[in-house]
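Participant: Using the sequences plus the hints, can you model the full thing?
There are 2 protein chains.
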Amino acid sequence: MPPEVLLEMAQPIIHHRTPQFSATLDQARERMKPLFGTRQEVILIASSGTGAMEASVINLLSPGDHAVFVNGGKFGERWGKMLTAFGMVAHEVKVEWGRAVRPEQIEDALKAHPESKAVFVQASETSTCAIHPVAQIGEVARRRDVLLVVDGITSVGVFEQKMDEWGVDAFVTGSQKALMLPPGLGMVALSDRGLEAAKKNRTPKFYLDLMKELKAQRDEHTTAFTPAVSLIFGLNKSLELLLNETLPRVFARHQVMAEATREAGIALGLKLIAPDSPAPGVTGLIAPEGIDTGKIVKYMRDTLGVAVQGGQDQMKGRLVRIGHMGNLTPFDMLIAVSALEAGLRFAGYEFASGAGVTAVQARIARSI
Amino acid sequence: MPPEVLLEMAQPIIHHRTPQFSATLDQARERMKPLFGTRQEVILIASSGTGAMEASVINLLSPGDHAVFVNGGKFGERWGKMLTAFGMVAHEVKVEWGRAVRPEQIEDALKAHPESKAVFVQASETSTCAIHPVAQIGEVARRRDVLLVVDGITSVGVFEQKMDEWGVDAFVTGSQKALMLPPGLGMVALSDRGLEAAKKNRTPKFYLDLMKELKAQRDEHTTAFTPAVSLIFGLNKSLELLLNETLPRVFARHQVMAEATREAGIALGLKLIAPDSPAPGVTGLIAPEGIDTGKIVKYMRDTLGVAVQGGQDQMKGRLVRIGHMGNLTPFDMLIAVSALEAGLRFAGYEFASGAGVTAVQARIARSI
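Heads up: the protein sequence lines correspond to chains A and B, in order.
Take the first sequence: its letter number 239 is residue 239 in this note's numbering, and every next letter is one higher.
Take the second sequence: its letter number 322 is residue 1322 in this note's numbering, and every next letter is one higher.
These are calculated hints, taken from the structure and not from any lab test.
Some hints could be false.
For each label pair, taking beta carbons as the anchor points, the in silico distance ranges come out as [what the hints assert, rightly or not]: (1) B:E1245 / A:K295: 42 to 48 Å; (2) B:R1366 / A:S22: 53 to 59 Å; (3) A:G269 / B:E1030: 42 to 48 Å; (4) B:E1030 / A:E160: 41 to 47 Å; (5) A:E160 / B:E1289: 47 to 53 Å; (6) B:P1063 / A:P34: 38 to 44 Å; (7) B:E1092 / A:D292: 56 to 62 Å.
We put the beta carbon where it would ideally sit given N, CA and C, even for glycine.
Facilitator: Take a look at the structure:
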């Protein structure tokens, strides 16, 4: 997190039923709009991203409603679990880990289940480091007149999001990735169609009632329940930093970090898990047979102090995921890749030492 | 908030799937137990107190279940709204604002609605600055074999809580009051009976599924979903400070602050809203007819920089609520009461200047 944000959150806390808090809440909500690519109201919730995902499910669909969801990884799978938990009928579009869903798959699923009212997908599936083509899925959803719900947890603030243009009806994100904040704050925006669906919705809800929150935040400049005050102050500061940098530069910076990391992985003889639709926020590198990435991740984190993630579920022990979202520059990828090289060496993998770092440097050179 | 806590939360954030985070999570959860007065596991949730209240409702009761709730103020009323929202049948025990519920009222309600499975009450009703007799309500609940759910949001860390001894089956609190943290972290503990009920529960839930969280936090030393990392680090530090002070001293400090504030209010000719069962964490003073407390609160906050609250709902414009929870000492009540005197004068109320501050000083003198 940027020191400016840490300091902002370390300010003495003010009460949330004050004009002073209202001014910050209004400003933070307004500043979120360009990151979502929307003119709709952005609603803040005191919850992690999963709470915001749940809010989109229980405010747009009612028990018994059918929905199609894209399961291309751990977070896609979560849509299905959530829908089922709340009594909806969830139709899965299964996608191989690391692949993007093809819009035709969505179309086919909607044809097979014409009673479906919504499609749920990730803009960026963090567990597989792949992105899904939301713009094209939006076209399918419009054509078949169903709602489109998108998890933007690792896409908002990383690459350009066009909620309104893509026809997204509920767009969800969380504070802890590219927004450079601790976890604990969720954000949701609804399209006009999304708002209509939410107004008619009859799923039991209280804490995550988006219509109640929208009324409080838009009309009364406060929140329905006690807000995560320090995180909202931090968010407002984070957004100020991002907007001052300008979003095109923020997105270009992420793009260079992603390409540098991918090119380094390839130079080291590793495979990309998502070669065709890699996420700009996180890169997944598959280690060769016999190399345990759990060991590499632990060594990088505990011995070298460089935090990366391993694989989840079926990719456990096989994947190294290098996050490059938020308060990082392409030069930081020199550190990440250098530590990766050390980790690979530690795990017994043989390669041309320095090949990864050289690739990062080459990519940076092309960007300046 | 104490500077130690602010600094703790301003540390660089660490990933939540690490042994380092697990150690802090375990310690914070363990340190919460004496504040709850329990040997049960304390479950942390990334939500405000309302989210934790909702968790207790949807994990213990199923749609169609009957329950009795005490409505003695805004937060008691919230139990009723929540129960109804999730399809439970809520039987209200109405209590005049500022009064404590009498245990016989609970007994009568349970006799009138013998199908009831639980009683919901506040240990301290923040909106009316009154406490309810949880120990005695616990006896009634045991005798009639119903669950007891208690909102401890302004009681935990303020005065002694004996969850196990009182027979509380779900005990709920939040981070932003006596725990000296920003809002955004909820805590719930369940008794063995509460756990049994939760295991059999069939209310649809996902984000606030306490059994899933308990399994993750107790067995895997992590959380089911992304936790509010910075708040958990802050909590661990806050609890360290409170336990170092020792809980008896923490409670005595709150008691002196409460008595000093009440005695000051009386010396100024104001009335206590809750004379018979005043809350140790917040004192409510009723202004004489014709004096608008909204004006006083605004003046104290915006001109004098002393944050107090007005009345809510039916007490709007009639009440000044002075919070004395958390990182405050009895000497701080000199400031609060001095500012109150200035506010009363500003609002046109006539009184013996200095009478309030003198009363605070007298009460402090008796405590040292």
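Participant: State the violated hints by number, sorted upward, taking the hints as numbered earlier in the document.
Facilitator: Numbers 2 and 5 - these are the hints that the structure violates, sorted from lowest upward.
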